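Protein sequences appear in the order of chains A and B.
Note that this note's numbering has the first sequence beginning at 11, numbered continuously upward.
Note that this note's numbering has the second sequence beginning at 11, numbered continuously upward.
Derived from the structure by calculation, the hints contain no laboratory data.
Small disclaimer: the values here were computed from a predicted structure and weren't measured.
Warning: the hint list may mix true and false statements.
Below 27 Å or equal to it, Euclidean Cα-Cα: the simulated BS3-like pairs (lysine-lysine) are [what the hints assert, rightly or not]:
1) B:Lys617 / A:Lys199
2) B:Lys459 / B:Lys627
3) A:Lys347 / A:Lys562
4) B:Lys459 / A:Lys562
5) B:Lys627 / A:Lys633
6) B:Lys199 / B:Lys617
7) A:Lys617 / B:Lys562
8) A:Lys627 / B:Lys459
9) A:Lys347 / B:Lys562
10) B:Lys617 / A:Lys633
Protein chains: 2
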Amino acid sequence: MGITLWEIVALAAGLISMGVAAYFYRWVMAQPNENPEMEAFSVAVQEGAAAYLQRLFVALGGLTVVITIVVFFALGWETAVAFILGAVFSAAAAYAGMYIATRANAKVAWAARTSLVQAFPVGFNAGAVMGLAVVGFSLIGMTLLYMIFDDADVVLGFSFGASQLALLAKAGGGIYTKTADIGADLVGKVEFGLAEDDPRNPAVIADNVGDNVGDVAGMGADILDSYVASVVAVMILGSVVFADVRYVILPLVLSAAGILSSLAGMYFVRPGSNDPGRALNTGTLATTGVFIVLGSASVFALGIDRPWGVILPAIAGLLAGIVIGFTSDAFTDIDQKAVQATAGAANSGPAIVIIQGFSYGLLSIVPSILGICVAMVAAWMLAENAGVPGTYGVSIAAVGMLAITGMIMSSDAYGPIVDNAKGCAEAGQEDEETIAICDRLDAAGNTAKAITKGFAIGAAALTVLALFSAYAETVDLVNLDLLSPGVIVGVFLGGMMPPLFSALLMLSVGRNADRMVTEIRRQFQEIPGLLEGKARPDSRRCVDIAAQGALKELIIPGILALVTPIAVGILFGVAALGGFLAGSIVTGIIFALLMANSGGLWDNAKKYIEDGAHGGKNSEAHKAAVVGDTVGDPFKDTAGPSLNTLITVMSLVATVFGAFIARFSIFSL
Amino acid sequence: MGITLWEIVALAAGLISMGVAAYFYRWVMAQPNENPEMEAFSVAVQEGAAAYLQRLFVALGGLTVVITIVVFFALGWETAVAFILGAVFSAAAAYAGMYIATRANAKVAWAARTSLVQAFPVGFNAGAVMGLAVVGFSLIGMTLLYMIFDDADVVLGFSFGASQLALLAKAGGGIYTKTADIGADLVGKVEFGLAEDDPRNPAVIADNVGDNVGDVAGMGADILDSYVASVVAVMILGSVVFADVRYVILPLVLSAAGILSSLAGMYFVRPGSNDPGRALNTGTLATTGVFIVLGSASVFALGIDRPWGVILPAIAGLLAGIVIGFTSDAFTDIDQKAVQATAGAANSGPAIVIIQGFSYGLLSIVPSILGICVAMVAAWMLAENAGVPGTYGVSIAAVGMLAITGMIMSSDAYGPIVDNAKGCAEAGQEDEETIAICDRLDAAGNTAKAITKGFAIGAAALTVLALFSAYAETVDLVNLDLLSPGVIVGVFLGGMMPPLFSALLMLSVGRNADRMVTEIRRQFQEIPGLLEGKARPDSRRCVDIAAQGALKELIIPGILALVTPIAVGILFGVAALGGFLAGSIVTGIIFALLMANSGGLWDNAKKYIEDGAHGGKNSEAHKAAVVGDTVGDPFKDTAGPSLNTLITVMSLVATVFGAFIARFSIFSL
């Protein structure tokens, strides 16, 4: 078919993204930091992060070798190459993000000595390195593979490679961060009475590394995973449903338009009015506006014959993403009823805090599910009315939603960077005004994070629905009859996976935290002068335990995620596997929302009390709220965020091996 | 078609059941109790229970009038009559059960002065009144209606009537019992330092009434609901799929065989060896054995032309019910790892208890879901291999599982009766040996309760799957395509219902407990001499508040349960409604298992510590475990048990109004 102009445009957009990321990288690295204590803190976190990434990449390498062999024999060398490329590119994006994030923190803090207006761009530009690297690597990888092999199924291998890293990074990072957090608290704070971030505590560095591991590398891998999967799903649908290559490369072109729009949007991110939260929101809204124009124009320029049948669904998806993002924090917002009612419940003790928060968490599922349903129905109808198949419309809605990932991811990565900056400022004993500026930067980061969280779940939902359609096309399912017993059994088994996966991860945190506690106690006993501040702790060993344990604990849930879909397909057939995916999507999204939102709610209920309500810090109500916050930690940082990735990986496994499974099914119920 | 011999047999079995229930009733009522303090305690609980039932029946009456009018205009007078009959018959069964349960408690305690062998039959026979009334009323009602109207769709109205009572009784009872429990604890125990069951506490009677309300009336209504629905689903499938009346009356005949088997099984319930738990299990196993013989014989006698195609699925269902029942308590058993690990986690504080218990609760979903899947696949294959349609086989499996309800329900109702007997013995200041005997009776009751809980969830799952098939037949769904957007949206919306319903019920408990707390404080302030024991509290007012609040709080969730299926059907069509039911079934069963099992696990972890582990009562670990237990209370007693009923009611609403909905759908996606 030859290489079209549009593939070159997509490749160019990817390269521009990488170029701007490189520019921002050099700019951020050139920013000064002259406080040696902040530097030492930053270097320790850098070393810890590097140690973690090293272990993660070794594990990833091993897994990649195994899966590559399987993919090679089942699907051929082209898909195997794409798979390796997907793993390597997404690992590179995660590495770049972590690298800059762990170096920018001290620079932001140093700039905050001057002013907020000076400090903000350091944080944002560092975040933008991550955001632009994610979309750049993704688009370059997918476009190159399609240019070379001219086959959407090969590009699917790239998505699978990216997704397996996301599973490791997200779930492993989730276990890591809570292992370090709980370990540092239980021994350091409770047994030895040390303050948060006390440098004598051997787990403090691991704890700070954990924040970056979960929020930068984990979230980056997760969003990259959805971004790539949504594009690939549309490519597959495009190549099966239409006999027209333009429908196949359309998602690449829309992604290119999204990258250019994100770059334009970043131009508007300036805290002129001294309000960094508003600056970030302005950037997101500007990106959205530019993308609507640029995306529509590129659809017309591409010569799609039913342009409105793809433009309107894409816009519907994008708007739904924005709306879900901005409304989903109603249940976790410190100024709203749910958080304040839960804080009030703290007066009746910890049990009532848990019951209230959990109830509101259950309730918080409703608006997001309704939003996803509205987006889906709207995209379907808008497509069908214009003569485009509804499944293609829904999948394009996912691509539309994720097109502005460059901007969204940049704002999100900004969060942990400025959060760490505050830690640096405190470690470096900067004055109160500097710390206050860091606080304001951090508050803006929290708002951005809340929006991204809702956006990520909405995007994952539409993406897995798109993958679900791609799976059905791949295995030639004309319909998927919920009245057949195989499909029902599939739905039950799939529905069981997210709670099972969550349970395994949360139990892993408990076991790994135990190992950490033992090590911390050992150091205090065996290192003379540690408690007196005369000797340095062996932080590296704690970092290692957290990392090693996290990856070891991942073996069983990882195998479950990769093997169960194949087992269900081989046992009960492709229809049952379709039911399995549908079941996992529904309960996966429900549990992801429940855990993310109840966790966020408990966190803010505690903060609300710390701000002075119900007796403030150290009151009985505060103690009760701390219990809620601790319960919420593995909910929101370990199990909840991993579920997006779980359902994406399972859908990808099913789609990648679909044809293979169809040949070897034992029963077909 | 005329009335067949077999319909008369079914009616006769129902009448025999009622006759034996009447005999047991007179026998129990003739048992003595000569301790006036026990009598006073028992009378107070009787009055409280009567007050609650009165309010419940007023609410039921109002709701019945409204729904009857709707049913009358939508479906005709026959179904309206059946609906009223279903409501009245199930209310009568619940009333009979509560009546005898609240009178037998003191008689059991009095008999325990003599010996366990003397006391056990008083408790069991009282429970058997409930068990036999449930199956008797059900079978008489369904058989009579079928004799008169000769139309399975009319009998469906009976099931709907029974189900709406079950929703009120189960969810209302769940709110009631936790309102009273939390109110009594928060003010009585915490503020005034009174002991559990102190008669000065105005809410103590309400608390004791609550146990009967939830465990006797609630569980009875729930099991009756499933029992009737499974029979009706098979009747509908039988009349649509086969042009043969024998397949329609088969479930009535199997139920008749089940009643006779239960009566035979009860003959074996004798604590000869002084082991009441073993006596109950012997009864269950004997009933199972007799039913396999009697059920098979009746299938042959009925002249079903493919006998093994129904006998084997029925046996598969029955065995699955027994296995799920006996294994489901592995996660809640005090002698097993999950409970003991959670108790161990109490050493690290309440948050870790919650995380561990919740994780094991998530894990506990797995064996039951696998059991349900195996039962379903086995029943399907056994039926199809014998030439009977698989859907009919799965539905017959539900009937087979529920056939022994008479025996199962009798063992279950025994539990709260002997539990209350212990309360009576303590209130009546009986000697230690008597209390020890009551304790042993109670322990057997707890085992029976754990088995029934698993059995109830397994039965509900198969029943709603049967109803799901009946719904599909009713609205002529040839297939239910999970790839169509309407069905996907339906699955998401249906999947959202159980968490939403749980959230509303748990928030209701919080609000209603607040009202109770205010009233208890008022009484201590305004009634002179109450705290000194010189004046009696106004217990009736507390009972009233719990009852009134519970039913008031039910309005929104009740309307949601009844109206949402119709709204989804009218908006998006019958296929979307099918998806809605499927979604609600999957998440309903998952959340029901999660909440019931984690609640039971926390309860037993606390008991394990109270038995002496980790420092025993009043240790720090105990305090942490109490937090877990309190969180588990609304999980296992309010939200969890209501979900069975929710999904049954929604399936029934869809089936009853299916034809109506099909005519008025707006969109059909």
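Each hint tested on the structure:
Under the criterion of a C-alpha separation no larger than 27 Å, the hint pairing Lys617 of chain B with Lys199 of chain A is inconsistent with the structure, at around 30 Å. Distance hint between Lys459 of chain B and Lys627 of chain B is fulfilled; the C-alpha atoms sit about 25 Å from each other, no more than 27 Å. The hinted pair formed by Lys347 of chain A and Lys562 of chain A fails the criterion: a straight-line CA distance of about 41 Å is larger than 27 Å. For the proposed pair Lys459 of chain B and Lys562 of chain A, the alpha carbon gap of about 39 Å is over 27 Å, so the pair is violated.
This hinted pair checks out: Lys627 of chain B and Lys633 of chain A have alpha carbons roughly 22 Å apart, not beyond 27 Å. Our distance criterion of 27 Å between C-alpha atoms is met by Lys199 of chain B and Lys617 of chain B, whose separation comes to about 19 Å. Proximity of Lys617 of chain A to Lys562 of chain B is assessed by CA-CA distance (about 34 Å); at most 27 Å being required, the pair is judged violated. Taking the CA atoms of Lys627 of chain A and Lys459 of chain B, the gap is near 44 Å; set against the 27 Å cutoff, the hint is violated.
The suggested pairing of Lys347 of chain A with Lys562 of chain B holds, with an alpha-carbon distance near 22 Å, which does not exceed 27 Å. A hinted pair counts as satisfied when its Cα atoms are at most 27 Å apart, and Lys617 of chain B with Lys633 of chain A qualifies at roughly 24 Å.
Against the hints set out earlier in the document, violations occur for numbers 1, 3, 4, 7 and 8.
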